[in-house]
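Residue numbers (the numbering used here), protein chains in the order written: chain A, 1216 to 1399; chain B, 300 to 460.
These are calculated hints, taken from the structure and not from any lab test.
Using N, Cα and C, we set each Cβ at its ideal position, and we do this for glycine too.
It is possible that part of the hints are untrue.
As the list claims (entries may be wrong) - Short, incomplete list of chain B residues facing chain A, as computed with Cβ under 8 angstroms:
#, residue
1, M300
2, P301
3, S302
4, T303
5, D329
6, T358
7, A367
8, G368
9, S369
10, T406
11, S424
12, V425
13, G426
14, R429
15, S432
16, V457
As the list claims (entries may be wrong) - Below, simulated SDA-like cross-link-like pairs (lysine to any residue); rule was C-alpha separation at most 25 angstroms, straight line:
#, chain 1, residue 1, chain 2, residue 2
17, B, K458, A, I1364
18, B, K458, A, G1245
19, B, K458, A, D1379
20, A, K1344, A, S1288
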Amino acid sequence: MLNTLAGIIASSGGAAAGGDYESIATVTVGAGGSGGITFSSIPSTYQHLQIRAFARTNSPTNGENTKIYVNGSSASTNYAWHVLRGNGASTAAAGGGGNYIIANVGTTNVTSTFSAMIIDVLDYANTNKNKTIRNLYGFDSNGAGYVGINSVLVPTTSAISQIDIFMDYNFTQYSSFALYGIKG
Amino acid sequence: MPSTYTPIATTTLGSAGTVTFSSIPATYTDLIVIVNGKATGNGQLSMRINGGTSLYSTTSLTANGSSAGSTRETAATYLQFGYYGYFDASNQAMAIAHIMNYANTTTFKTILATERNSATGVDASVGLWRSTSAINSVEVYASGANLAAGTVVSLYGVKSA
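So that you can see chain B by itself, here it is in the shape it has in the complex (with noise of 0.2 angstroms):
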């Protein structure tokens, strides 16, 4: 059977930032981001795709130890994964996305993603790129804050037989 689950980089922010991974090879059939690190605020893992300002919009479920709740974000200008499971100064967090299919040119691209933080909650979400352009530039970050120094942000490949 092929191998697969294939790293194709990773980077540790030496200072605090985005991470924008760029040319993307289409030979695969998903993406997977993972993100493990702090953020310099409070900020939500989230996405642009190409380098696109549009076209997103986001279905979370939430959960902070007391309540559970259901978030949404349409027309958006990013993608952003979840509520309560946000990265922040104080905790580790981690997150994982999956971009499904990123590499058609026939659909909308859907990503899958699940966020935690054991300070504060934990989440999981969907996303929608109203695109059916190919994906090969994803870069990562949190929502109104910098990913803080430290934080390893990886992307992996996997291709279906």
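One chain only, chain A, in its complex shape (with noise of 0.2 angstroms):
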């Protein structure tokens, strides 16, 4: 039996329901490209960040890492991360020091094919607690690709506000990085 919506999603009018899960800043990269984003001035009166990104890279390779700073702060050795993936045959786990949040961006030679990112940040505003940034991520390009889920420690109590997703190659124009805020 195929359920057609049509007229429920008409007459939902989509409403909003709330204002737990609000919107704080987006930015997509323009046609020159660049090496990274930064959000600053994050607020503190969330629960939790999510940053929802959809991205791609000059990088000759599949498979580059994209890698995040708090606060501004590139004391790399201080991160810590772990990573699950899999690459369509087999499948592969990895951690160490450093600040990746490991997105293996499709490369330029895959026309018009894009990664996703889905990166939360939880708890960011308690000065009590080290910090704990979770990521959901993968390509595919019909043939090649990855998925998998990560994990970096930002070895902080201080409350993040601001937060920087770079890599050593650029971002193309129509990757974009979207912020939101979720309440508590």
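Join the two chains into one complex using the hints; note that each chain is given alone, in its own frame.
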């Protein structure tokens, strides 16, 4: 049986339920590309942050690592990360020091293909805890691709007010990064 | 700050079948589909977009409690997410699919999905629809089976600032 919901969509009007998930800022990469993006002056009025990214790189190979800083700190040896990923044929796990969020963004030789990342920054404004970031990411290009989950430890009890996402190559045009706040 | 994560439509299946969300407005940035329920047989979360029967591929990471693996579907006739975390007739399963940048007409479309069945396994998947068309219709079903009566399928829209 096929339930077509056009009528329900039309009648619902798409009304917002509430104010518990709010858009804070969005960065879209222009024609020149960009090596990174920054969200600064992030308000501390939410419980969690979520970054929803749709991105592509000019890296010559698939699987280029995307990295994250918080509060402008590039002291990458203080961060720690773990990842579990699959490439369509096998799985792998890795971890270490550094600030990777492991995005494996699609390359410019796979036409019009973009990776996706959903990055959660938990309890980001809490001043009693170190911070944990988790990420669901992947890209597929009809014959190649990666999908994985990973976590990053940010060993600071400071509230997070700035997030930088960058890589060693450039994010290409139409890449977008949207920051949302989730209320507790 | 503008509020978002807006409910667009929800259906609870009165009898076994599939669910199609059509006439989806292009006013959001991403779509989120949440499925909670059972199927009439074993079947992974599956989708067809804008009624199309080609141009799909997926890569999945899957585990069943004793082993992990990765699977791929290429040149497929539908999006099939996952492997071990399937919907079945016995256990309540759930899946969440994020359809990113669905209304843009410049890029192909990427979908991230998770699927879990506490009795069988858990999956993370990424899917590709090789079309630059805006998405205005999504059919949601279980591969090789129907979603069972009582299954709830919801569609949300998220709009960035």
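Outcome of the hint check:
Among the interface hints, the one on M300(B) holds; its C-beta lies about 4 angstroms from the nearest C-beta in chain A, closer than the 8 angstroms criterion. For the restraint placing P301(B) at the interface with chain A, the shortest Cβ-Cβ distance is roughly 5 angstroms, inside the 8 angstroms limit, so the hint holds. With 8 angstroms as the threshold, the beta carbon of S302(B) comes within range of chain A, its nearest partner Cβ sitting at about 4 angstroms, so the hint holds. For T303(B), the interface hint holds, since its Cβ comes within 8 angstroms of a Cβ in chain A; the closest pair sits about 5 angstroms apart.
For the restraint placing D329(B) at the interface with chain A, the shortest Cβ-Cβ distance is roughly 6 angstroms, inside the 8 angstroms limit, so the hint holds. Among the interface hints, the one on T358(B) holds; its C-beta lies about 4 angstroms from the nearest C-beta in chain A, closer than the 8 angstroms criterion. At its closest, the beta carbon of A367(B) sits 5 angstroms from a beta carbon of chain A; the interface hint therefore holds under the 8 angstroms criterion. Below 8 angstroms, beta-carbon pairs count as interface contacts, and G368(B) has one with chain A at about 6 angstroms; its hint therefore holds.
Against a cut-off of 8 angstroms between C-beta atoms, the interface hint on S369(B) holds, since the closest Cβ of chain A lies about 3 angstroms away. The beta carbon of T406(B) is positioned within 8 angstroms of a beta carbon in chain A (closest approach about 5 angstroms), and the interface hint is therefore held. For S424(B), the suggested interface contact is upheld, since its CB lies about 6 angstroms from the closest CB of chain A, less than 8 angstroms. The beta carbon of V425(B) comes within 3 angstroms of a beta carbon in chain A, closer than 8 angstroms, and the hint placing it at the interface holds.
Proximity of G426(B) to chain A holds as hinted, the smallest CB-CB distance being about 6 angstroms (cut-off 8 angstroms). The interface hint given for R429(B) holds, since its Cβ lies 6 angstroms from the closest Cβ of chain A, which is under the 8 angstroms cut-off. Because the smallest distance between the Cβ of S432(B) and any Cβ of chain A comes to about 12 angstroms, over 8 angstroms, the interface hint for this residue is violated. About 7 angstroms separates the beta-carbon of V457(B) from the nearest beta-carbon of chain A, less than 8 angstroms, and the hint is met.
Distance check on the hinted pair: K458(B) and I1364(A) sit about 24 angstroms apart at the alpha-carbon level, within 25 angstroms; holds. Taking the CA atoms of K458(B) and G1245(A), the gap is near 20 angstroms; set against the 25 angstroms cutoff, the hint holds. For the given pair, K458(B) sits about 21 angstroms from D1379(A) by alpha-carbon distance, which is consistent with the 25 angstroms threshold. Note on K1344(A) and S1288(A): the hinted pairing holds, with a Cα-Cα distance of about 17 angstroms set against a maximum of 25 angstroms.
In terms of the numbered hints stated before, the structure departs from hint 15 and from no other.
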